[in-house]
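Asker: The numbering of the sequence shown is the UniProt record's numbering, which starts it at 1 and goes up by one.
Be aware that a few hints might be false.
[Said to hold, decoys possible] Computed cross-link-like contacts, BS3-like style, restricted to lysine-lysine with a CA-CA straight-line distance of at most 30 Å:
hint: 1; residue 1: Lys117; residue 2: Lys96
hint: 2; residue 1: Lys96; residue 2: Lys7
hint: 3; residue 1: Lys124; residue 2: Lys112
hint: 4; residue 1: Lys74; residue 2: Lys112
hint: 5; residue 1: Lys5; residue 2: Lys74
hint: 6; residue 1: Lys117; residue 2: Lys74
Derived by calculation from the structure, the hints in this document are not laboratory data.
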Amino acid sequence: MPLLKRKLLQKVTDEPLQDSDEVFVCEKTGELFANYDDFFNHTMLLSSTVWSCAMTGRSNLTYTDALESERSAKRSLTTIPAALTGPILLIASRTKRTGIHDMVGDVHGYVKDVYFKGEIVHTKTGVPETIRRPRLYGW
Numbered sequence: 001m002p003l004l005k006r007k008l009l010q011k012v013t014d015e016p017l018q019d020s021d022e023v024f025v026c027e028k029t030g031e032l033f034a035n036y037d038d039f040f041n042h043t044m045l046l047s048s049t050v051w052s053c054a055m056t057g058r059s060n061l062t063y064t065d066a067l068e069s070e071r072s073a074k075r076s077l078t079t080i081p082a083a084l085t086g087p088i089l090l091i092a093s094r095t096k097r098t099g100i101h102d103m104v105g106d107v108h109g110y111v112k113d114v115y116f117k118g119e120i121v122h123t124k125t126g127v128p129e130t131i132r133r134p135r136l137y138g139w
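Go ahead and model the full structure; you've got the sequences and the hints to work with.
Answerer: So, in structure tokens, the structure goes:
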């Protein structure tokens, strides 16, 4: 869910509406508004570049851009092999870095040269019969 000033957007909860009431529907969020001014202000807020992505931390986005950024981040998270998820999280939790970029650098620097149990490794060699014994770390 996109963040507004580092907080989740609270859905508008108006008094119950009758079936005969005229309402304005915000298609981006699915919210109903009985008052056009509230609907207009909400629509302008969604179109403003004041939103940030909760997953990546990217800021100065519109609501739609922040939603797309979150979807993209979720898709990229599903591409991490299950065998690597545990070790990567363990390494990330043990690093003493305070900046996210420094922590990512530490994790990448370690993970790129180490094989983990259950990890599928594809190699290309000139000789198909070459057998390589990886150094395994049990997690």
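Asker: Work down the list of hints and note, for each, if the structure agrees.
Answerer: Evaluated hints:
no.: 1; hint: Lys117 to Lys96; verdict: 25 Å, holds
no.: 2; hint: Lys96 to Lys7; verdict: 27 Å, holds
no.: 3; hint: Lys124 to Lys112; verdict: 17 Å, holds
no.: 4; hint: Lys74 to Lys112; verdict: 22 Å, holds
no.: 5; hint: Lys5 to Lys74; verdict: 22 Å, holds
no.: 6; hint: Lys117 to Lys74; verdict: 25 Å, holds
Hint compliance for this structure: every hint is met.
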